[in-house]
Amino acid sequence: MELPTHRLAGAAALLLLAGCVGTPSVSGVPGASPSPEVPWSPPPTAAADLARADSAATPVLPPDLGERIRRLSLAEIVEVGLRNNPATREAWANAQSAAAVYGSERGAWLPSVDGDVSAARLKTTASQGRSAVQQSVVTPSVTLSYLLFDFGGRSGRVEGARQQLLSAGFTQNATIQDVVLQIQISYFQYLASRALLQAQRTTLAEADTNLMAAEERRRVGVATIADVLQAKTAVSQAQLNVQTTEGTVQTTRGALALALGLPANLSYDVDISAALVPVAPLADSVESIIAAALRDRPDLAAARAQAEAAQAAVGEARSAQLPSLNFDATAGRTYATTIPDGANSYSLSLGLTIPIFNGFSRQYDVRGARFDAEAAGARAKSLREQVVFQVFSSYYALQTATRRVRTAQDLIASAEQASEVALGRYRAGVGTLLDLLAAQSALASARAQRVDARLSWSVSLAQLARDAGVLDTRGEHPLRLSTDTTTTETPR
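Take the sequence shown: its position 259, counted from the start at 1, is 686 in this note's numbering, and no numbers get skipped.
No lab work stands behind these hints: they were computed from the structure.
The reader is advised that the hints may include incorrect statements.
To be verified - Derived CB-CB ranges, DEER-like:
(1) A473 - E517: 23 to 31 Å
(2) V649 - A840: 29 to 37 Å
(3) V564 - A473: 53 to 61 Å
(4) S524 - A459: 32 to 40 Å
(5) D635 - S872: 15 to 23 Å
(6) R811 - D711: 17 to 25 Å
(7) W536 - R811: 27 to 35 Å
(8) A756 - A459: 54 to 62 Å
(9) A547 - A756: 19 to 27 Å
(10) W519 - A547: 49 to 57 Å
(11) S554 - S776: 34 to 42 Å
(12) N785 - L571: 26 to 34 Å
(13) S772 - P750: 25 to 33 Å
All of these numbers come straight from a predicted model, not from anything done at the bench.
A virtual CB, placed ideally from N, CA and C, is assigned to each residue, including glycine.
Sequences are here, hints too, so could you generate the full structure?
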């Protein structure tokens, strides 16, 4: 059969158009690169528009902290971080959503009432001597529906939503503690880098003193050029260490700003008083802290709530296999051209729905819900064991860190004495420069180890508080330290 000419032309035009379909454009430019090796050229104003939209949401330092921006306390730093950190906002939004879902599901305990208004214009057909009739009909009505009984399906849904609400709330609390810990670690790392820089500047000053002593001894003829060169080498090494740590200070300062949700180049500084807390052993036993963690850890409570929600889902799935009883009532009033004053109508119904067969889907739903509940319970139990291990590990890490601080104090005391003796011997002409440089190198190492030991202790204490679930929104905790303290001075 031969197609008409105009149909062939139309088909050819459609094929041509289909072949011409390419990459759609956006703001006058192609929406994608023409080939894998060619960069995409965005619209001229796209990047600027997106940057403006992003800058409108950029977090800033709260105005009330503007006067103290050069001396922010740990509590103020934590407050700023909790305000700006996107993780806390996400967890809060999830908790709000779960609360709304619970409110929605709880409405199943109440009847639902709906209103309806229908309007129609009717015209009958004239037939058998009857004239055509036209009339308008308006029918407002109200319908009430209520589930009377369903063998636990409704209560299972409500209880599941309630447990999901609890889980989301506990998850928010756990997120807050994680953010606080992250901020504290960044804070202590920044203070440690500052302390290390101060220690290295002290070492540099001592190296300069050694160099002057070596030059003086060479001037009077009791030292060689080798001593001077060795002293200059020690000065250069000390300068290199100072320059490296100066960069580390800025890096850790930027990392702290990042943890606060602030720009890394923000001009601010912190109060170091939190780093001057005397180091002391923990007074609480590991058993008491583990017991507190099993009671208070928010992520463990969230996992338990998830397990309860999964168990509630079993009852909901089981109820789908059983009958449900429903009550429905409708009341209305009809207004028509032939009934200008209106007429009432109503209906009442009581329905029993009996599930008979649906291809075994309901039975598999129950089976799946039971295994989901078993898996959720296993996850909660696994997390419980992890919590015990985390507290146990953090507790003994803190114990080790406490002993390291004490040992570092002893080390630096002996290293300072050795350095003083070596310097005195060198100046008296009975000691060598190599002995002096070795003693001062050991002293510099002891200073660095003291800083690292103090950092380890501060971080370990914060980690234990988080693992015990007792870290609050100010970075504080109720863990008790012994009165037997070992004071440590952090260089300013």
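Checked hints:
no. : hint                    : result
1   : A473 - E517: 23 to 31 Å : holds, 27 Å
2   : V649 - A840: 29 to 37 Å : holds, 31 Å
3   : V564 - A473: 53 to 61 Å : holds, 56 Å
4   : S524 - A459: 32 to 40 Å : holds, 35 Å
5   : D635 - S872: 15 to 23 Å : holds, 19 Å
6   : R811 - D711: 17 to 25 Å : holds, 20 Å
7   : W536 - R811: 27 to 35 Å : holds, 33 Å
8   : A756 - A459: 54 to 62 Å : holds, 58 Å
9   : A547 - A756: 19 to 27 Å : holds, 23 Å
10  : W519 - A547: 49 to 57 Å : holds, 50 Å
11  : S554 - S776: 34 to 42 Å : holds, 36 Å
12  : N785 - L571: 26 to 34 Å : holds, 28 Å
13  : S772 - P750: 25 to 33 Å : holds, 29 Å
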